[in-house]
Amino acid sequence: MLISTKHLTKHFQLGRKQTLHAVDDVNIGIEENATLGLVGESGSGKSTLGKMLTGLLRKTNGEILFRGEPLPDKFTAKDHLYYAKEIQMIFQDPYSSLNPRMTILDIIGEGLRIQGSDHNIRDLVASWLSKVGMDPDHMSRYPHEFSGGQRQRIGIARAMIIEPSFVVCDEPISALDVSVQAQFINLLDELKASLGLTLLFIAHDLSMVRYVSDYMAVMYLGSVIEYGPSDEVFYSPKHPYTRLLIESNPEPDPKLERSRDVIPIKGEITSPINIQSGCRFSDRCPSVKPECRHITPVMTTIDSNHTVACHLYT
Amino acid sequence: MIDFSPAEKSVAIEQITRPSLSYWQDAWQRLKKNTRAIISLYIIVFIAFFTLFGPFLWQVDPALQDLNQVSQAPALPKQALLSAAYIQWQRIVIQDFPAEPDSYRDQVYAPKSLRLINMATTQGVRLSWNPVVGAGGYNIYRNERYPEGFNDLGLPLGSTYAGNEIGYEDRLGLEPLTYYYSVVPTDGFDEYEVYSVLTVTPQLTITVDEAKARNLVSDTARPGDVISLEFHPLGTDYLGRDMLARLMEGARVSLFIGIFAPLFFVLFGIAYGGFAGYFGGRLDAVLMRFADFVVALPFLLFMILFKIAFGVGPGESGIIPMLIALVLLSWPATARLVRGQVLQIREQGYIEAARLLGGRDHYLIFRHIIPNTMGVILVTLTFAVPAAIFTEAFLSFIGMGVVPPTPSWGSMCNEGVKTMLSHPHELIFPALLISITVLAFNLLGDGFTEALDSRLRSRE
Ligand SMILES: Nc1ncnc2c1ncn2[C@@H]1O[C@H](COP(=O)(O)OP(=O)(O)OP(=O)(O)O)[C@@H](O)[C@H]1O
Ligand SMILES: [Mg+2]
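Just so you know, the protein sequences line up as chains W and D, in that order.
Quick note: to get our numbering, add 596 to the position in the first sequence (first position is 1).
Quick note: to get our numbering, add 116 to the position in the second sequence (first position is 1).
With the rest of the complex left out, here is chain W:
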């Protein structure tokens, strides 16, 4: 395991009596050179989990082990400097993640400058710009002169230029159109192969996650409810939520898509504030059982690698 979590928890204290459970008791691990896909609805805590792994957010509870060593509880600037060469992140919003006052050269070269690299920053930035499929001549331009997809590439180049071993990709493709998404996935694949990357790939599009990742974790309201090899989770989902999620994924073939009867997930996602014990999905679950409402299900192993947190399997 390159990085793994134990009972990782993040609660946001909203008021005196209101606690938002953004991430609750998450245990995941990522093998070296593997990709873990993290899926879940909006607001399920994916970004929060990713930011805790990078040290940007302070965890409320639990532990993160990186190469077997626990990461510091609260990252100082020094810790970040130390781990910068190991852990990086590609941010969800390609607009807010680039400083509008800096040129592309300064943005991509920022890591090298902070790290005090003795490389020729200009040349390295130019080579990375062509690696992510952009014109190196655009180095002296400003972010507002680029499209969302191009900005996302700039974000990738910024994270990759210091050649980290683990990268959190927070929905790097949701801002891109479908044709560019495929290019992007290929780019990530190439980089992964050439740099020996380990990735946490966050997305809500299941089919894309299946394509890029070796393992898949499904999150719901802050907890991981199913975890296993990508294909296995995708083709034989166990948790009712995963099933619904996969069924609601549109079929590329319009004939098939039309003949398919989709049961939409009913109800709203439950509020993440002051969560009580019991299965978090019980309000919307089509196969809910009485015990689901007050006993929190624990992760149980189905196959060697496939685990699920659901009372149907205990």
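These aren't lab readings, by the way, just hints derived from the structure by calculation.
Treat the hints with caution; some may be incorrect.
If the Cβ cut is set under 8 Å, some of the chain W residues that face chain D in the computed set are [as the list claims (entries may be wrong)]:
1. L652
2. A673
3. Q684
4. M685
5. D689
6. N695
7. R697
8. G707
9. I710
10. Q711
Note that CB positions come from ideal geometry on N, CA and C, so glycine has one too.
Position chain D with the ligands relative to chain W; hints supplied.
Just chain D with the ligands now, kept in the frame of chain W:
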């Protein structure tokens, strides 16, 4: 033999490029298109020039009183006649005429051949007339228009109390205008309803000694020469001080407060708000509550307290207390604004990215946060300057700030109000300068807001 060969690939891509502009370059381009803002910028540059270099070009002592030209409206240079020193006026009393009439009469004739003795100058107008039979004295009046009747003789200048005293000297605030002197015979107490009128235009004169003292003439000048008096392009005030020189001098006070008060409180506000916003949490809450408290303090009361604390008595100029009061009470607005900006920027992805790359606090602040708040700060500063200039003018106008004799635009307005009806130029010029400066800064601020703001919008 080869019949076919592949066509050479030549794809000329048409390139439409425009230079890549930085934030400030782009904002400047936008500002340049805003005519109002550019005109305002020129006006501000002109006023700065007026304030800084004006006194070197127009070397007139703003405190010097030109008593020959008091409350002078803007005019071309005036000529004056050099005269000898003033000679004491000898009363004209004729011997072969009774001082008191021997008997009372119902009617007398108007004084005949009312005339000037010597030349009429602003130094003095000397009149004489023939004695009137039956008069026991004469009243002398002066009017600035031709008297329409017995009740329109104008200003009573004085009286003689004998029928044989037939001369009078007027030295009362003479200006080179046309005056209408009237002489009315009396029986010693009451006037007879007859009068004679003489039209007199005194010649502007200045004594040789005074002219020499004010460096207007060389040593060889003699009485009778015509010389040019001091030139007052914008006129003089009620004490004969040059308006242009005073406006330049006053601009220093006004702009000193107008530039330095905002500079200090904006700097402090940035530091305070930035600190609160960057570190956030409970510290932020406490700091901002204190800022709210400061907002609630009444400005005028504090102005008075500071004047007392600094030992500035009534009637003394309190430039420094005014500056301190402005700085101490005006920073919360900037602090709030900057805090809001910093809170917003702090959540931006590029800050997190820089933090992940190992950037320390000062790196984040100086490299990311400050450049991104500069636009807002610039706009605040340009709006704070006219506000401070206006506050200074207002305080000086009500006598709380700079008081006479130190000129400031506000205190000049205060003095000008007193002569507003007779000599409006003393009020109009400082008021106009305040208005133009405040307007120019406001329009420039508007221009900045637009130039910087639309740029922010095009980012999305
Ligand atoms: N700083 C914060 N303070 C309070 N609540 C927060 C904060 N950050 C996130 N949350 C809450 O935590 C929950 C999880 O947010 P998170 O951003 O991790 O969701 P996500 O899975 O990334 O969603 P999306 O797919 O929309 O990006 C949400 O309910 C959100 O409102
Ligand atoms: Mg997210």
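Against chain D, run the beta carbon of N695(W) and see if the smallest gap drops under 8 Å.
holds (4 Å)
Interface hint outcome for L652(W) [beta carbon to chain D under 8 Å]:
holds (5 Å)
Please check whether Q684(W) passes as an interface residue: C-beta within 8 Å of a C-beta belonging to chain D.
This hint holds: Q684(W) lies near chain D, its Cβ roughly 6 Å from the closest one there, short of 8 Å.
Tell me if the interface restraint on I710(W) is satisfied: Cβ within less than 8 Å of some Cβ in chain D.
OK, holds: I710(W) within 8 Å of chain D, min 5 Å.
Residue hint R697(W), partner chain D, criterion CB-CB below 8 Å
holds (4 Å)
Using 8 Å as the Cβ threshold, decide whether M685(W) counts as touching chain D.
Holds, about 6 Å.
Hinted contact G707(W) with chain D - closest CB pair below 8 Å
Constraint on G707(W) satisfied, holds at 4 Å.
Using 8 Å as the Cβ threshold, decide whether D689(W) counts as touching chain D.
holds (6 Å)
Hint check: 8 Å Cβ-Cβ cutoff, A673(W) to chain D:
holds (4 Å)
Regarding the hint that Q711(W) lies at the interface with chain D, is the smallest CB-CB distance below 8 Å?
Check passed: Cβ of Q711(W) comes within 6 Å of chain D, closer than 8 Å.
Every hint from the earlier list agrees with this structure, and none is contradicted.
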